[in-house]
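Numbering (numbering that gives the first Met the number 0), first residue to last: 0 to 294.
Honestly, the hints are just simulated from the structure, not real lab data. Just so you know, even glycine gets a beta-carbon here, dropped at the ideal spot from N, CA and C. Just to be clear, a hint being listed does not mean it is correct.
Now the in silico label distances, taken between C-beta atoms and shown as ranges [stated by the list, open to error]: (1) E64 with M242: 15 to 25 Å; (2) I34 with Q202: 22 to 32 Å; (3) Y27 with K104: 42 to 52 Å; (4) P17 with P239: 19 to 29 Å; (5) K105 with P66: 23 to 33 Å; (6) I150 with I24: 31 to 41 Å; (7) V84 with L149: 21 to 31 Å.
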Amino acid sequence: MNSNIYKKKTPIFVFLIPAFIFMTIFLYYPFIRNIVNSFQSITGLGTAAKGFNEPWYANYKTMIEDPNMRIAIKNTIIMIIATLVGQVGMALLLALLVDNIGRGKKFFQTVYFLPIVISATALGLLFNLIFLYDKGMLNQFLEILGFSGLIDWKDQQHAMMTMLIPVMWQYVGFYFVILITGLNTISEELYEAAVVDGATKLQQVFYISIPLLRNVVCTCIILAVTGALKVFDLPWIMFPKGMPVNSTFLTGTYMYYQTFNSNNVDYGSAIAVVIVVLGIILSKVANKLFKEKDY
């Protein structure tokens, strides 16, 4: 009798249909509506479309010619590279170090994960104070070390670096937790066998930990690439409206600027579509380059 329960498909649909309706209303319909909006003329939030653009692909043509969009894509590519090196790379190093210490693992896990639970708004305000031109913590520290003159960390020369540091610092703990969990799944018997064979700690890391952690690292890389495309909150708080001189726009912040500050809703919708397309392409490329292996 129990086996007959699994043959009945009706209960499955009872549970699936509400979820499907929810996703249709709050995910699929808005996404399709956004694609349609990108071809229409909408000059304000909450206002009806004035019809389709002439030509219908005008927003996408404008995007190709838009210098700020080129800046946003260039900065997003820099953000992706910085995310892979500064977040996933640093998280891997920290995970390997913490996994090999005898005591204090819980302490370091808590400390490294802490930035994730802090609001991005609070972090943005905190780092604004750190990088403040006059009486900022960093400039005061450099002054104590004997450096003369104040540095404007938000000028065009330093702005990108100033924006990258907090973003990398915030999400290192996220990837650290994923990687340390992956390390915990590796059997201790492998390390014990390696010790018997005379392997050093460094050899155990290179020949056991890293190879068996490959699939987890691949997952982190895909998450990092797609996450860098849609990062918004912390960069916008520190550098609203692409300041200085539109040099710090990312694809996410530029989309928000066009939609909510310039009331160019249709153009913002077109940028959102491009972000989705770029996310799909980059995730597919990352999946191909970092294909998971069966062990």
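We went through each hint and held it up to the structure:
1. E64 with M242: 15 to 25 Å: Distance hint for E64, M242 holds at roughly 23 Å.
2. I34 with Q202: 22 to 32 Å: With a Cβ separation near 53 Å, I34 and Q202 fall outside 22 to 32 Å, so the hint is violated.
3. Y27 with K104: 42 to 52 Å: Holds: the Cβ-Cβ distance is about 43 Å, inside 42 to 52 Å.
4. P17 with P239: 19 to 29 Å: For P239 against P17, whose Cβ atoms are near 40 Å apart, the range 19 to 29 Å is violated.
5. K105 with P66: 23 to 33 Å: violated, 50 Å
6. I150 with I24: 31 to 41 Å: Cβ of I150 to Cβ of I24: about 50 Å, so the range 31 to 41 Å is violated.
7. V84 with L149: 21 to 31 Å: holds, 29 Å
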